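Asks: Protein chains in written order, with this note's numbering: chain A, 226 to 448; chain B, 226 to 448.
Read the hints as simulated data drawn from the structure, not as lab findings. Please note: incorrect hints may appear among the correct ones.
As the list claims (entries may be wrong) - Sample of chain B residues with no beta-carbon within 10 Å of chain A, all distances over it, derived:
1) 232
2) 277
3) 311
4) 367
5) 369
To be verified - Have a look at the derived ranges for each label pair, beta carbon to beta carbon:
6) A:354 <-> B:389: 48 to 56 Å
7) A:443 <-> B:430: 51 to 59 Å
8) A:333 <-> B:310: 34 to 42 Å
9) B:285 <-> A:403: 56 to 64 Å
10) B:375 <-> A:256: 21 to 29 Å
11) A:426 <-> B:389: 50 to 58 Å
12) A:371 <-> B:369: 39 to 47 Å
13) B:234 <-> A:426: 53 to 61 Å
None of the values given here were measured: they were computed from a predicted structure. Note that beta-carbon positions come from the ideal geometry of N, C-alpha and C, so glycine has one too.
There are 2 protein chains.
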Amino acid sequence: MSDAEQMQDRLEYRFTDTGLLEQALTHRSLGPHNNERLEYLGDSLLNMYVAEKLYRQFPDLREGDLTGMRAGLVCRESLAALARSLNLHMCLRMGKGEFTMGGQHRDSILSNALESVVGAIYLDSDQPRTWQVLDRLFDGPFKGISTCVRKGPKSLLQEFLQKSGRPLPKYRLVGQAGKSHDPEFTIGCSVTGCDREFLARGASRKQAEYRAAEKALEYLLKS
Amino acid sequence: MSDAEQMQDRLEYRFTDTGLLEQALTHRSLGPHNNERLEYLGDSLLNMYVAEKLYRQFPDLREGDLTGMRAGLVCRESLAALARSLNLHMCLRMGKGEFTMGGQHRDSILSNALESVVGAIYLDSDQPRTWQVLDRLFDGPFKGISTCVRKGPKSLLQEFLQKSGRPLPKYRLVGQAGKSHDPEFTIGCSVTGCDREFLARGASRKQAEYRAAEKALEYLLKS
Numbered sequence: 226m227s228d229a230e231q232m233q234d235r236l237e238y239r240f241t242d243t244g245l246l247e248q249a250l251t252h253r254s255l256g257p258h259n260n261e262r263l264e265y266l267g268d269s270l271l272n273m274y275v276a277e278k279l280y281r282q283f284p285d286l287r288e289g290d291l292t293g294m295r296a297g298l299v300c301r302e303s304l305a306a307l308a309r310s311l312n313l314h315m316c317l318r319m320g321k322g323e324f325t326m327g328g329q330h331r332d333s334i335l336s337n338a339l340e341s342v343v344g345a346i347y348l349d350s351d352q353p354r355t356w357q358v359l360d361r362l363f364d365g366p367f368k369g370i371s372t373c374v375r376k377g378p379k380s381l382l383q384e385f386l387q388k389s390g391r392p393l394p395k396y397r398l399v400g401q402a403g404k405s406h407d408p409e410f411t412i413g414c415s416v417t418g419c420d421r422e423f424l425a426r427g428a429s430r431k432q433a434e435y436r437a438a439e440k441a442l443e444y445l446l447k448s
Numbered sequence: 226m227s228d229a230e231q232m233q234d235r236l237e238y239r240f241t242d243t244g245l246l247e248q249a250l251t252h253r254s255l256g257p258h259n260n261e262r263l264e265y266l267g268d269s270l271l272n273m274y275v276a277e278k279l280y281r282q283f284p285d286l287r288e289g290d291l292t293g294m295r296a297g298l299v300c301r302e303s304l305a306a307l308a309r310s311l312n313l314h315m316c317l318r319m320g321k322g323e324f325t326m327g328g329q330h331r332d333s334i335l336s337n338a339l340e341s342v343v344g345a346i347y348l349d350s351d352q353p354r355t356w357q358v359l360d361r362l363f364d365g366p367f368k369g370i371s372t373c374v375r376k377g378p379k380s381l382l383q384e385f386l387q388k389s390g391r392p393l394p395k396y397r398l399v400g401q402a403g404k405s406h407d408p409e410f411t412i413g414c415s416v417t418g419c420d421r422e423f424l425a426r427g428a429s430r431k432q433a434e435y436r437a438a439e440k441a442l443e444y445l446l447k448s
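Kindly produce the complete structure, drawing on both the sequences and the hints.
Replies: Structural data, given as structure tokens:
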């Protein structure tokens, strides 16, 4: 069985027009009949798929949170990881120079090729069939995100610190402002081994703690 | 007939769930049950719709050109113009303060509301039905773009100058480089009343002239 056939097995999708699949796997280093146009189409499909999925999955989240989550799910690194899970790097067709330089392992080339394959599936079938394929492909990432959202940043921060053997984070009320019917709380969150305090405001202590934990977690995950 | 009913007539779409339409028309100044989440969904739908439409309509154009054209079609100003063609500003629900300041006429609010309405139609129906509505809505803009692409920048530049009673643009060969099998031409395009020359390179004189005209046109349309 060829690499491209194996990839179709992993996708659980068989192309009617295999020329579309071939084009989707062709890097521009191989000439003008490449995957750049399909990538453009696939990019917008993936954005819409993820936007819709998040919209339906998290009815209580605000637009800003959904946008942020979407950005994380369709960023270059995430898509490249999905491409690797399909062994897509085994199927890429590229110029000899690009191949010798290891282009088939580059995140940008892999994520573009994944977008192109999605564009090709859509042209080869329709939206419901494409969404089916994407549901399987994104099953892991969406489960991961659901867990994060369910647990919330305070639990995640606690777990993160426990894993590295550190004590629990400390929260303190830094200030309270606003009128009694419309108060605003400021909470500081401090973490052992980190010399700054993460401040956040909210309409309740709980909300401000949530946001402060979010900031601390974001900082720790980046550093 | 209410304004919202008139708008549905213009869209040639009747909502099954009129609550969705109401939400799509509700600006955030009116409280938490507003159109921000629908706008997020509609934005990605519009991007995908326009991406697909351009992909199919211009099989010879490259990804970069398609991306640029899409940006023009879904930019704030373009969407606000479409919103006005639907009299959407008559249907917006917003806080008194925002309304008094004329928020219903602001491009940002109108384009967001249009995106929200598109998101609401999709949730109320499905993709084919949404695409039908969008086909009517974008009929004008797509015809305009087709004309531009068919004519090309040299004709458009000529027309533009003739309309303002100016003489034809002048093209001159500024330089030629590269080997004979892979030449590179540089062309300068000058226009009466404009003290700069627009330079562009290309693999043929024709291609370089095309790009120089494109630059001149872009400059003149902006100034």
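Asks: Now, for every hint given, state plainly whether the structure supports it.
Replies: A quick look at each hint next to the structure:
Non-interface status of residue 232 of chain B relative to chain A is upheld: no Cβ of that chain comes within 10 Å, the nearest being about 23 Å off. With a least CB separation of 6 Å from chain A, residue 277 of chain B falls inside the 10 Å interface cut-off, contrary to its annotation. Interface exclusion of residue 311 of chain B from chain A stands, the closest Cβ pair being 22 Å apart, more than 10 Å. No Cβ of chain A comes within 10 Å of the Cβ of residue 367 of chain B; the nearest lies about 16 Å off, and the non-interface call holds.
Here residue 369 of chain B stays apart from chain A, with its beta-carbon at least about 21 Å from theirs, past the 10 Å limit. For the pair residue 354 of chain A and residue 389 of chain B, the supplied restraint of 48 to 56 Å holds, since their beta-carbon distance comes to about 52 Å. For the pair residue 443 of chain A and residue 430 of chain B, the beta carbons lie near 54 Å from each other, so the given range of 51 to 59 Å is met. Here the CB-CB span from residue 333 of chain A to residue 310 of chain B is close to 40 Å, well matched to the stated 34 to 42 Å.
A hinted range of 56 to 64 Å for the beta carbons of residue 285 of chain B and residue 403 of chain A is consistent with their spacing of about 60 Å. The beta-carbon spacing between residue 375 of chain B and residue 256 of chain A, approximately 27 Å, falls within the hinted interval of 21 to 29 Å. The supplied range of 50 to 58 Å is met by residue 426 of chain A and residue 389 of chain B, whose beta-carbon atoms lie about 55 Å from each other. For residue 371 of chain A and residue 369 of chain B, the hinted distance range of 39 to 47 Å is satisfied, since their beta carbons lie about 44 Å from each other.
Between residue 234 of chain B and residue 426 of chain A the beta carbon distance is about 46 Å. The supplied range of 53 to 61 Å is therefore violated.
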